[in-house]
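Peer 1: Plus 36 on top of the position in the sequence shown (first one is 1) and you've got the working numbering.
Some hints could be false.
What the hints assert, rightly or not - Calculated lysine to aspartate or glutamate pairs in the EDC-like style (CA-CA distance at most 20 Å, straight line):
| no. | residue 1 | residue 2 |
| --- | --- | --- |
| 1 | Lys206 | Asp224 |
| 2 | Lys99 | Glu78 |
| 3 | Lys43 | Asp162 |
| 4 | Lys99 | Glu221 |
| 5 | Lys206 | Glu128 |
| 6 | Lys176 | Glu112 |
| 7 | Lys43 | Glu76 |
| 8 | Lys77 | Glu98 |
| 9 | Lys99 | Asp187 |
| 10 | Lys294 | Glu347 |
| 11 | Lys176 | Glu98 |
| 12 | Lys99 | Glu76 |
| 13 | Lys99 | Glu50 |
| 14 | Lys176 | Glu50 |
| 15 | Lys176 | Asp311 |
| 16 | Lys294 | Asp174 |
| 17 | Lys43 | Glu60 |
| 18 | Lys99 | Glu128 |
| 19 | Lys294 | Asp207 |
No lab work stands behind these hints, which were simulated from the structure alone.
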Amino acid sequence: MKLNQLKYFLRIAELGSVSAAARELFIAQPALSNQVSALEKELEVELFVRTVKGVQPTPAGEKLVHHAGLILRQVENARADVISDAVSPRGEVRLVVDASKAYTLLPLLVTETARRFPEVQLNVSDAMSLVAAQHIADGKVDLGLIPNAADLSGVEVLPVYRESMYLVGKDLGAGHNGQTILFEELADYPLVAPSRPHNIRMHIEQTALEARRPLDIRYEQNTGLGLRCLINNGIASAIIPWDVMSVELQRGELDALKVIQPSIDRIHSLVRLEDRPVTTACRAVEGLIIELISTLCEQHLLDGEALVSPE
37 MKLNQLKYFL RIAELGSVSA AARELFIAQP ALSNQVSALE KELEVELFVR
87 TVKGVQPTPA GEKLVHHAGL ILRQVENARA DVISDAVSPR GEVRLVVDAS
137 KAYTLLPLLV TETARRFPEV QLNVSDAMSL VAAQHIADGK VDLGLIPNAA
187 DLSGVEVLPV YRESMYLVGK DLGAGHNGQT ILFEELADYP LVAPSRPHNI
237 RMHIEQTALE ARRPLDIRYE QNTGLGLRCL INNGIASAII PWDVMSVELQ
287 RGELDALKVI QPSIDRIHSL VRLEDRPVTT ACRAVEGLII ELISTLCEQH
337 LLDGEALVSP E
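Sequences are here, hints too, so could you generate the full structure?
Peer 2: This is the structure in structure tokens:
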């Protein structure tokens with residue numbers, strides 16, 4: 037397989053049309069079709085099927101879409117990395133951040149990356165921990181910041197931040213000191229949580245099992261938006277990090293009680309695949325994340341402990 041063939045194939049798959057791809061690539065349509073035919077002959081599979089609207093990848097073609105995207109992006113990353121250095125890193129970095137950290141970390145990370153490393157293209161997304169871990173395993177991202185990554189295989193894990201869980205909801209102050217809540221008292225509150233096997237759900241249920249204190253998980257929501265809607269409307273409370281709802285908490289719209297006896301703590305780590313080369317740009321973003329987490333902890337915008345000191 038040649039890189040140009042993969043590039044042509046991928047553009048056809050993206051546009052769903054050989055003629056549209058030919059116009060965009062400035063290649064005669066017969067020549068482009070010949071390139072695809074040569075690729076199919078080499079692989080001994082059909083890559084496209086014709087439809088009334090154009091073409092679409094076969095099951096084998098779908099597999100090649102995935103691999104071609106990774107290969108072409110890796111080639112571009114290699115080119116950018118070769119001509120970059122520690123002072124002026126360049127190239128694309130794809131990062132996934134656990135949704136619980138997006139509200140606090142993302143705005144600062146995006147603006148600081150643009151300011152310090154103007155030639156780095158930061159492509160950052162947030163996802164629930166289970167989806168984020170899968171993106172890392174599938175090679176869709178270069179780097180992830182996710183909780184409790186110690187059980188993942190085939191990855192390098194650097195623990196960077198420890199946080200505690202809070203009961204967050206409306207009108208929680210009655211009968212409490214306004215700061216903490218015993219784990220055994222959580223059973224009195226209807227809760228919303230992600231479904232199994234999302235990390236935070238498994239984590240709180242394991243703690244409940246060890247403490248022999250059942251929880252009333254009444255609702256399941258697998259998006260940050262759904263979780264926030266139920267909490268903000270007083271339908272349920274949630275066991276989550278403080279900073280997830282920091283805006284509402286600072287406005288006094290919600291209450292947060294730190295869970296104690298036992299506490300519920302978890303560790304966030306920087307995670308990347310073991311066999312993937314680490315570019316200068318990726319190392320720059322990694323170092324910046326460590327620095328920002330340390331700063332946010334010092335400013336009490338993250339309620340937790342930084343585990344790695346910035347260089």
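Peer 1: None of the hints should be skipped; say for each whether it holds.
Peer 2: Hint check:
Under the criterion of a C-alpha separation no larger than 20 Å, the hint pairing Lys206 with Asp224 is consistent with the structure, at around 14 Å. A hinted pair counts as satisfied when its Cα atoms are at most 20 Å apart, and Lys99 with Glu78 qualifies at roughly 15 Å. Restraint check for Lys43 and Asp162: not satisfied, since their Cα atoms lie roughly 28 Å apart, outside the 20 Å limit. Restraint check for Lys99 and Glu221: not satisfied, since their Cα atoms lie roughly 50 Å apart, outside the 20 Å limit.
Between Lys206 and Glu128 the CA atoms are separated by roughly 42 Å; this puts the pair beyond 20 Å, and the hint is violated. Only pairs whose Cα atoms come within 20 Å are accepted, and Lys176 paired with Glu112 is accepted, the gap being roughly 15 Å. A C-alpha spacing of about 14 Å is found between Lys43 and Glu76, which places the hinted pair at or below 20 Å, so the restraint holds. At roughly 17 Å between alpha-carbon atoms, Lys77 and Glu98 fall within 20 Å of each other, so this suggested pair holds.
A distance of roughly 27 Å separates the Cα atoms of Lys99 and Asp187; the hinted pair therefore is violated under the 20 Å criterion. For the hint pairing Lys294 with Glu347, the CA-to-CA distance comes to about 31 Å; that exceeds 20 Å, so the pair is violated. A threshold of 20 Å between alpha carbons decides the hint, and for Lys176 with Glu98 the separation of about 15 Å falls inside it, so the pair holds. Proposed proximity of Lys99 and Glu76 is supported: the alpha carbons are some 13 Å apart, at most 20 Å.
Pair hint Lys99 plus Glu50 holds up; C-alpha atoms about 14 Å apart against a cutoff of 20 Å. Simply put, Lys176 and Glu50 have alpha-carbon atoms about 17 Å apart, close enough for the 20 Å limit, and the pair holds. Restraint check: the Cα-Cα separation between Lys176 and Asp311 comes to about 14 Å, which is no more than 20 Å; the hinted pair holds. Distance restraint check for Lys294 and Asp174: the Cα-Cα separation of roughly 35 Å exceeds the 20 Å cut-off, and the hinted pair is therefore not satisfied.
Taking the CA atoms of Lys43 and Glu60, the gap is about 12 Å. The hint holds against a cut of 20 Å. A distance of roughly 23 Å separates the Cα atoms of Lys99 and Glu128; the hinted pair therefore is violated under the 20 Å criterion. Taking the CA atoms of Lys294 and Asp207, the gap is near 15 Å; set against the 20 Å cutoff, the hint holds.
The structure fails hints 3, 4, 5, 9, 10, 16, 18 (numbered hints given earlier, in ascending order).
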